[in-house]
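K.L.:
Chain by chain, the residues:
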Amino acid sequence: MDKTQNTGKSTKRLATARELQKIVAEFYLEGHEAKKAGKPIGWMPPMNGLIEIFYAMDLQPVFPENWSPVCAAFGLIHKNYMTAESMGFSPDLCGYLRNCVGYINGMMGEEGVPLNGLPEPDMIFVPGAGCVPAMKNFQYIAKRFPEAKVFNADLPQVPIENIQRYHIDYALSEINRIIDFLTETTGRKMDYDRLAEVVRLSDQSCALWDEITSYRRCIPTPISAAEVGLMFVMVTRQGTQLAVDYLTKVRDEVKQCAEQKTGIVAEEKVRLFWDNIPLWYNLGLFNYFERYGGVVVAETYSAAWSIRLDTSNPLEALAMKSLQSYPMVSCVSMQRRKDMVLRACRDYHIDGVILHSNKSCLPITLGQMDIKRALQEELGVPSVVIEADHMDPANFSMSQFEDRAGSFMEMLLQRKGRS
Amino acid sequence: MVGMSINLSAFRNAVSEREKRLTRHAGKQKVFGWFCTYTPIELIHAAGFLPVRIYGGMTTVEKAGNLVPNFVCPYMRTSLERALRGEYKYLSGVIQGYTCDISCGIMNIWAENTGLKMFHTVPLPYNTNESARDFYRHTLNELIDKLNAAGGKFDMAALGRSLDLYANIRKKLLRLHELRRQNIFAPPSRDFYTIMEAGFCMPPEEYLELLARLVTEVENLKANPSSGIPVLVSGSIVEQMWIFDLLEAAGGQVVADDLCNGYRFCQPADGSGANPIDRLIDRYMHRFPCPSRSTVQDRVPRVKELVEKSGAKGVIFLFQKFCTPHLADYPALSEALRDDGIPVLSIEMDESGNIEGQLKTRFGAFFEMING
Numbered sequence: 001m002d003k004t005q006n007t008g009k010s011t012k013r014l015a016t017a018r019e020l021q022k023i024v025a026e027f028y029l030e031g032h033e034a035k036k037a038g039k040p041i042g043w044m045p046p047m048n049g050l051i052e053i054f055y056a057m058d059l060q061p062v063f064p065e066n067w068s069p070v071c072a073a074f075g076l077i078h079k080n081y082m083t084a085e086s087m088g089f090s091p092d093l094c095g096y097l098r099n100c101v102g103y104i105n106g107m108m109g110e111e112g113v114p115l116n117g118l119p120e121p122d123m124i125f126v127p128g129a130g131c132v133p134a135m136k137n138f139q140y141i142a143k144r145f146p147e148a149k150v151f152n153a154d155l156p157q158v159p160i161e162n163i164q165r166y167h168i169d170y171a172l173s174e175i176n177r178i179i180d181f182l183t184e185t186t187g188r189k190m191d192y193d194r195l196a197e198v199v200r201l202s203d204q205s206c207a208l209w210d211e212i213t214s215y216r217r218c219i220p221t222p223i224s225a226a227e228v229g230l231m232f233v234m235v236t237r238q239g240t241q242l243a244v245d246y247l248t249k250v251r252d253e254v255k256q257c258a259e260q261k262t263g264i265v266a267e268e269k270v271r272l273f274w275d276n277i278p279l280w281y282n283l284g285l286f287n288y289f290e291r292y293g294g295v296v297v298a299e300t301y302s303a304a305w306s307i308r309l310d311t312s313n314p315l316e317a318l319a320m321k322s323l324q325s326y327p328m329v330s331c332v333s334m335q336r337r338k339d340m341v342l343r344a345c346r347d348y349h350i351d352g353v354i355l356h357s358n359k360s361c362l363p364i365t366l367g368q369m370d371i372k373r374a375l376q377e378e379l380g381v382p383s384v385v386i387e388a389d390h391m392d393p394a395n396f397s398m399s400q401f402e403d404r405a406g407s408f409m410e411m412l413l414q415r416k417g418r419s
Numbered sequence: 001m002v003g004m005s006i007n008l009s010a011f012r013n014a015v016s017e018r019e020k021r022l023t024r025h026a027g028k029q030k031v032f033g034w035f036c037t038y039t040p041i042e043l044i045h046a047a048g049f050l051p052v053r054i055y056g057g058m059t060t061v062e063k064a065g066n067l068v069p070n071f072v073c074p075y076m077r078t079s080l081e082r083a084l085r086g087e088y089k090y091l092s093g094v095i096q097g098y099t100c101d102i103s104c105g106i107m108n109i110w111a112e113n114t115g116l117k118m119f120h121t122v123p124l125p126y127n128t129n130e131s132a133r134d135f136y137r138h139t140l141n142e143l144i145d146k147l148n149a150a151g152g153k154f155d156m157a158a159l160g161r162s163l164d165l166y167a168n169i170r171k172k173l174l175r176l177h178e179l180r181r182q183n184i185f186a187p188p189s190r191d192f193y194t195i196m197e198a199g200f201c202m203p204p205e206e207y208l209e210l211l212a213r214l215v216t217e218v219e220n221l222k223a224n225p226s227s228g229i230p231v232l233v234s235g236s237i238v239e240q241m242w243i244f245d246l247l248e249a250a251g252g253q254v255v256a257d258d259l260c261n262g263y264r265f266c267q268p269a270d271g272s273g274a275n276p277i278d279r280l281i282d283r284y285m286h287r288f289p290c291p292s293r294s295t296v297q298d299r300v301p302r303v304k305e306l307v308e309k310s311g312a313k314g315v316i317f318l319f320q321k322f323c324t325p326h327l328a329d330y331p332a333l334s335e336a337l338r339d340d341g342i343p344v345l346s347i348e349m350d351e352s353g354n355i356e357g358q359l360k361t362r363f364g365a366f367f368e369m370i371n372g
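Protein chains in written order, with this note's numbering: chain E, 1 to 419; chain P, 1 to 372.
There are no misleading hints in this set.
Rough simulated footprint, nothing fancy, chain P against chain E, three-plus residues with beta-carbon under 8 Å: (1) 84-95; (2) 153-160; (3) 358-366.
No more than 35 Å apart at the CA atoms, straight line, and that leaves these computed lysine-lysine pairs for DSBU-like: (4) Lys143(E) - Lys304(P); (5) Lys416(E) - Lys63(P); (6) Lys143(E) - Lys309(P).
Rather than coming from a laboratory, the hints here were simulated on the basis of the structure.
The beta carbon of each residue, even a glycine, is placed where N, CA and C say it ideally should be.
Next comes chain P alone, as it looks inside the complex (with noise of 0.2 Å):
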């Protein structure tokens, strides 16, 4: 596999080890949790704070089923139960962009139960009008007086450095995700997306250094032609790394993304604007689609062009079981597709796991059927 040789262990530690880590980083700097890539993390680091995603991983939901019904999507399920069980006592608190119904619920349940002490949602506007920008600065104003009273230090040049240093951030990644594309940098998708991860729990500029010394050793790799057939996989969080151990065992080779632990977190890498706040604004309201933000309609020819772009023969879609916006988008998204030719399959992940000999079958049966 091309790019095995490079070392990817300061990601892998940083993922395997984040809990001891950012307990003893949060006795020298406030770190706040954030479910959803429509989080204003640039604000919340420009305050002075470490914005780190919240996780939920695999695990056996215990507390948390005495809180939430089993029809809540196993992301939520599992990060209520981590934090339930402690898991998450080095955050000071979660802020979170209002994008589903269930993460804005889940945040106030973690408010009632978990002791954590702050709790904001940020009501995001749909539209991208004169009206919705001026909106989106009230709400973003609001943060900035909440982040200042939980000891925050903001201002305004510290914003526009955030806004620097996430942006090279997510140029880097994007650079990635075209070196996947273009078959350079093959790592296994665990690999690739535990780079991803590891920058949702590092302080980031320390991920920026990583990244940067990752992508200039991945640049000088040559080309090798693909020895899996060519996939893009769309969904919201995908944390069951075994789930592209399989996909990838069945002869499948995941060449670009429709995830929010993908390329919906990197693009675009930054917006423009007259001030940080403006420019904070315009990339937020030009990100890459995520059906709890976005219409339908907007969002299939998006995906399209992203499928066509990289050359996939097919997509894969990996739902979080009861994952609303993601279910309610498939109707009109796999119809575009199929009319394109470009064949789907839609595997719902549930927090057990318990679907390995199912999805060996169904995968080996998809890519016999692109393979003719």
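Extracted from the complex, chain E is given alone in its bound form (with noise of 0.2 Å):
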């Protein structure tokens, strides 16, 4: 990493971690194809079932916001927030609006850009759930492409605590809806049995998730947060046999290094946990650690993003994993997030907790400081505030990072004796 600039990418450290480049490039390419053969492509937010009808239908899902990250790994995201401030949008909006409205009024067509972009919409969804600036984000994204077909969806919002019956009820008709606008749009009808199939794909490639993230407990930890990348393929591939094959290797990979007793430093000192978005143009920050023994074993944002599904009633699955995805992680519930946090610094034995005070996302950020405050009352763990900005490196200093971060992992070296 380049200790001047704000910016840098993660060594990754597990074989099968190389052949993510060529999924995602795969996933984009698809697109285009996709768009070339005719068939129908739809933009959505990810984490609410959609994905899975997608697949079940044959059609063609773009995550504009997971665009997002891989703008700011190819470093395209100072040009597409130009193009969103000449626009008026304020610096203070989510990095994730500004870079994806910045893109579509900008840079989107153009020769040269990486993976060439996305391909244009036939379908937008935009959302009545999840946090505003996604909602913002599609509405922008419909006023751009007017000819594209809108569908304006809205589910409840509630602490996953208080699920109650009604609101899976709204939530399911609101999935009816959604098959019956595609049905209409797209002339293709749903085949319920390839659906009960997709959300079994689905389910499994939680399982696999699950189970991969349950071999960060052992000590050593044979994966760190610097492979969160892996992410990608349970944003953009769930529900597909392509996700169930790599995942399994992944969790093959891993559970050997695990039984190995194969670390990811030589001697892991510190386990740490990281709390909120990553910073995706500095990746490498999660090596950052390394130098004092660290590792970052477990986050909160994963978690979002494996959740167990009722196979046996496939669209009730998709409603309550629509229901859950959001708030999981959100500020929606204090306390089931708070509970989250201190259940994932038990069960992988952390020593420090990373609160990473993020501009672009509020609703993760919130809340912070009572867990904290919990963290040291209830589980006698250190914790310490870092402040970034998961999309802007603008709102990132590296010498503050790390004179923070460096104070503190000293001071967790010396509670645990290991200095």
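Build the complex: two chains, separate frames, hints provided.
P.N.:
Okay, here's the thing in structure tokens:
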């Protein structure tokens, strides 16, 4: 990592992680080929069951939100932010929103954009749930592509512990409305046997993801947050055999490393938890802790992508998925999120927690001080707040990070008698 | 200035003595706080409680700064600060319609840190179809159960009466907005929004009486030509009245607004339905749109219509700093207004108020530009 810059790539150690680049490229290539072949393309937010419906109906999903980390990795974000700012978007707005509106109103369609960018949408799913920036993002996408058919979706936003039958019924009615819309718009009918198979595959991916994650409880952990890019498969390929096959390979490798006690660093001295979204332009930050013998073994964000489904009732399974994923990691339920972090700290034998105070994501940032207090009072686990932004390097200072994180690591080492 | 002879002291006192009066009031009736105008206050009132809006205002943020980052809007930070200082001890709880991410999250921080007992968020639908209405009914029934569990005595007849009461209040307020547009009632904006604010912290029965008297008085006034440049102000909640003072001192005159402590609270006055619950749902589903609860596509024509109807020669956006819903709608909204030849100005307000000098210059330049 270049210590003078705010950006840097992570060092990946899994052999299977090297295949990921191919999977990413193929996903975007598939979108462009689908466009050429006349296969209907839908732009949608992730985490809500739409992906399974799309794969079951043989339609092409595109996730503009997921495109933002790709833009961060390719160094495209600055240009996209400039475009967004020239349109009047405040730099205080979420980086996903600014990057996406900047991209669709700027470099989209230009020659030389990595992976050829995104194929234009035939359908747009504007969410009525999740965070406000996500909703506004899709409203602007709909404005940019007036020829595309727009579906305004709705979903109850309730803490997971408060989900009741009527919430599920409303989510189900929205899923049925989406299927009707897709049938009417594309002329394709839902094959419910195929949907059952897709839901089964989706659940299998989640089971594999959970299994991979469970090996991180081992000391030393065989996999760190530096491999967070694996989540691409959970975001874009849930419900496919490809995801199951790939995650099986990852699981096998991780399992083997765990059995052989192959860790990330020569001597794992400190185990860390990362709260909030990673810095997509600087995943190398996860490697920073390694110089102190520290490894980030668990994080909040990846939990949202793995929700086990009741495969006996595919539609209801998708309804439950849609109701749970955003509230699981956001401030919709503070208690739930706090419980999740504390449980993870117990399960993964965490020595210290890094709370990323994320300017681009207040829903995950709010409540961190209450979590910090609970960590200290209930578990005696120290934590440190790092001020940054998951999408905008302008809101992150590497030198300030090093000051704060360095002192924190030294304190943790001293506590463990490992300094 | 037209309307200067009207005595507004009852409204001003309700606002300035809010804490003292509501603390006294809480001894005889439970008081519940709310942040957003999508909260079904009629239902709270029908259960026998007094719903009041939580205000933050200008204050130094100290305690809240230990709980939330500085990129939270001033309204949420200052109201949390006041709650942590114990200034909202008269509340029995907070009931909130789910609108922006931050008010939802902040309510959970209130729940963790203020010692108040009851907190409830109503998950509102975004759509208006029959399934959405059915879902809405369920969410309201859940709130009724919570209110009854908190000692309320809800019944449908009471809800009908509460709906009538708030509809009458909103009709009077809409009449004041109309008289302001017609330049018949043109008090300083500081006074206009104090009249609005009084309604957020008074028993509605008493407020309606005051309003009725006020409307009768101002209807007898005669129109005077405006001395200021007519503008519409748009944003969420504006608590810093000195901003209006600066706007008016620079030569502007607010003739209409798209604020949640203004027109958006009032429009429409009422809904219709086969029973009181459906009437309530109908009103809230047809609210003048807030960016948290609507698409920018829906909002643009509504704001443009308001500008046209009011004769505003410019639009001033007064943003709470870091307010995502309003900041995110701004590019589309400002573009549409400029396309219609309506100049726009955007101002971001923080809790420090250290922007006076900058504002004087910006307001001055804006009005000079409109005047050509």
